[in-house]
Amino acid sequence: MMAKYQHIFVLFEHDDGNALNVSYEMLGEARRLMDGFNERYALDERVIAVLLGHNVRELAYKAIDAGADAVILADHEELRYPRVNLYTKVISSIVRDRMLVKQAAPNTSDEYVKPRYMLFGADGIGRHLSSTVLAELESGLASDVNRLVIDDVTITHQYKTNGKPELYRHVLFMYRPDFSGFLWTQILCLDNRNPTIAREYSPQACSVIPGVFKPLQRDGQSVDDGSRRGGVEEGYRIVEYKPEFSSDDLRYRIVRRQIIKDEIGLEDSRVVVAFGRGIKDDPEGNIRMIEEFANLLNAKVAISLPLSKQPFSVSSAMKEKYLIPARVVGSSGKRIAPRLYIAIGISGAMHHIVGMKESDTVIAINPDPDAPIKDESDIFIQGRLEDVLPILIESIRGLGPSR
Amino acid sequence: MNHDKDVINAAVMVKLEPDLSEGNVSYNPDGTLNRSQTKNILGPHSAIACKAAMYAKVCYDAWVSVCSMGPPTAEIALRDAMGLCCADELHLYSDRIFAGADTLATAETIKHGIRKMGRSIDIVFSGHRAVDGETGQTGPQTAWKLGFNFIGNVIDYSIDLESRMVKARRKIDLPGLYTVIEDVESPLPALIALDPSYRDNYRRVSERLRYARLMKEASRRAKDYKSYLRVWSAKDLGVDVRYVGLAGSPTIVYKVEKIPKAKASRRAKVVDPSNVEALREVGNLIFNIAFGER
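Going down the list, the protein sequences come from chains A and B.
All letters in the first sequence, in the order written, are residues 0 to 402 by numbering that gives the first Met the number 0.
All letters in the second sequence, in the order written, are residues 0 to 293 by numbering that gives the first Met the number 0.
Among these hints, one or two may not hold up.
Claimed, not checked - Simulated crosslink set (DSSO-like; lysine-lysine; CA at most 30 Å straight-line):
| id | chain 1 | residue 1 | chain 2 | residue 2 |
| --- | --- | --- | --- | --- |
| 1 | B | K262 | A | K333 |
| 2 | B | K257 | A | K279 |
| 3 | A | K318 | B | K38 |
| 4 | B | K225 | B | K115 |
| 5 | B | K38 | A | K356 |
Treat the hints as calculated values from the structure; they're not laboratory data.
Using the sequences and the hints, build the whole thing.
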């Protein structure tokens, strides 16, 4: 069989040289996936990082260190910051350039057309780029994925297979939690084998939730022990790509950039008090009580994701102060590890747990004995916040003035 | 198509979505959404896109056309959108063939729709993401297919009619690093995806007066929305049916399962709140962690 689609390509994301952790996480996961893939299918496909930027060669070495067999580097002053349309052209050109990919992975087949798999971060850079690159490559994309598995599967699908069972090989199972955090959807990107609509869809691509996958263990030293494919005998490869731009491409300009620090400071707070949908019986009054409780402890206030969608009618002062995305803890918000995390009326959907599980001590207040937050708590007060908080507030007051 | 230099033709892409606001949303006992008990509305991010389009109407006298792909009932999303942006036209792309589309196939349909609007569109507004699908992919994919510049996470924008450039302020969250506020300039045509924190900001009195007048007109039009509405089938749009709906979707939803309960990572001591003494002990613990030695 012709190998038109090969390798896994990972977009190495950074801001002007500052790498995003998700880049290392994706490379670690890509390494694990392809090691398993190569062993199972007796193939030799590579992990290739795609790195765009200006004066970022240093990051190419870090990408190798983090699991890439090769890096394709487009280093140009016009690429210093991401611009979606410009970056999309460059990334698409890179991954379709057979000679270039051959330089990065010398065993690439002569029939190579496009990547087999591609990974992006589900963040301010990768979310849009994954969309436009896959629109250009005319293939499928899953977003906000937190589990990846490669397997073979027999599918019977009205459109894809015209209702007949068909075996698909090397399928990337892309798992994404839905908005409720309770359902896991497996998304597959499959060729249309149905002759009337026959089409090949490659790469199979996704954006992955930051903080989910583990980077390779580094322990302060290089993971380059020569055991990885393409290792000692070939050496890891850093291949340069020279992009060309038209004057039209450059009419989209970045005029000014400003880095802003987070005003709320959840990450730096010793104690964080978080609340969720459990405030529903008296949203305004309960938020006020939680505010009082947090002030007493010099704690910062966080919320669960559903609250940032402002599902309650509360005064606009409360809404603008508390029900805002900047206070969200979880996979689509902050990941924090305070000394003490107090979860009030939060059920503990997976995407919330991701954001707080590293806390030293966790105390949860929830009337539901089956709430998943219980399994992440050291102390679980099984009751309504309306009953519990007044007693806690009173007892803490009695212990002396807050310092 | 030739342009009058000062004219801005705007399109808005909106979506009918389940109403996830408290009191309206219904969850099954296992925490999943009860779709049959939850009514559908104009998505909140779509509503923000409409506000941005209204801004173009107020400040640049833009002609505004709202479109949506969805079932026939999605016309209520268009009606509500009209009430927010005083649209001049409503377009519903509704055909059984469109059903089951993933983001690529949806973008394909909307691309055809926008090209068939009868005017050369300068700027398209889209929401940040749908509250049910939550991919945020359809906006940028539509932009790419149209050949428009894509500008995402926009918190403020203006248009320079003379140079036909859009100036936009973007808010880019980089998890683990920081947030960047970026000012960009892009030639038209462009597709703007609004950040959830976008607020329309009418700086001049004349703009506020015009806004008030247009809002009145908007509610008048919304009552009579059907006379502004055109429903398009796949044939009307002239799409290649192999590229839309399920047939044109590279991805499928293979399985939906409950997320298995993770192995308990901590063993909780359970406290009964009627035991005031036990609660006081918890209060002690909290106090000690909050104010004890580091």
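How the hints compare with the structure:
Distance check on the hinted pair: K262/B and K333/A sit about 23 Å apart at the alpha-carbon level, within 30 Å; holds. Taken as a hint, the K257/B and K279/A pair is honoured in the structure, with Cα atoms around 25 Å apart against an allowance of 30 Å. Restraint check for K318/A and K38/B: satisfied, since their Cα atoms lie roughly 24 Å apart, inside the 30 Å limit. For the suggested pair K225/B and K115/B, the alpha carbons sit about 19 Å apart, so the restraint of at most 30 Å is met.
This hinted pair does not check out: K38/B and K356/A have alpha carbons roughly 34 Å apart, beyond 30 Å.
Comparing the model with each numbered hint stated earlier shows that hint 5 is the single one that does not hold.
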